[in-house]
Amino acid sequence: DAGVIQSPRHEVTEMGQEVTLRCKPISGHDYLFWYRQTMMRGLELLIYFNNNVPIDDSGMPEDRFSAKMPNASFSTLKIQPSEPRDSAVYFCASLESRGTEAFFGQGTRLTVV
Amino acid sequence: RKEVEQDPGPFNVPEGATVAFNCTYSNSASQSFFWYRQDCRKEPKLLMSVYSSGNEDGRFTAQLNRASQYISLLIRDSKLSDSATYLCVVNERTGGFKTIFGAGTRLFVKA
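Chains as they are written, first to last, in my numbering: chain S, 1 to 113; chain G, 1001 to 1111.
Read the hints as simulated data drawn from the structure, not as lab findings.
Even glycine gets a Cβ: it sits at the ideal position worked out from N, Cα and C.
Some chain G residues near chain S, calculated using beta-carbon distances under 7 Å: (1) Pro1044; (2) Leu1046; (3) Thr1099; (4) Phe1101; (5) Ala1103.
Using the sequences and the hints, build the whole thing.
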């Protein structure tokens, strides 16, 4: 398996633009997590899905953020409109329900100017 | 209060030193515990699981105290290659399932 795949690896966008981050979890994993990492706040859980269903989105900062998981092999995190304070590294991770280890993608480094 | 709290450091130690990291968690219903390692500009990766009986993997020893809601990681004989950020991780199974990360403790091992 190729592991968790995220795209793009880097994104630079202007304030006000829509940004879409993509994630392909490991096949067979039924949990998917979106995290945001900054120097100030560390690794924050934004939202997680179980069997494609959003379970807890209490970490989503505000209505500008939305996430979907239309099928077991794909998820998106969308920011609309983007703001400079959204600049961070966004990680996607997947987990097999019976397993213990969360596997991370390489992250998307987002810069909003 | 944060769900998982760690001393952010940084810890600056010489090669060969022993260093200990601590972590506390707030949810007594937490069920499983881990230490992850994150290298600069890389994704976090599992270092080791943490059990109530304590567990050891080479130079690394992890301990869990459920009564105090406290987790520790001990690194003996530090190597330059141990320089990284160490993240305390707690899995909560309350209704759903959440994997919560601490903010991480940065370690610098110097020659």
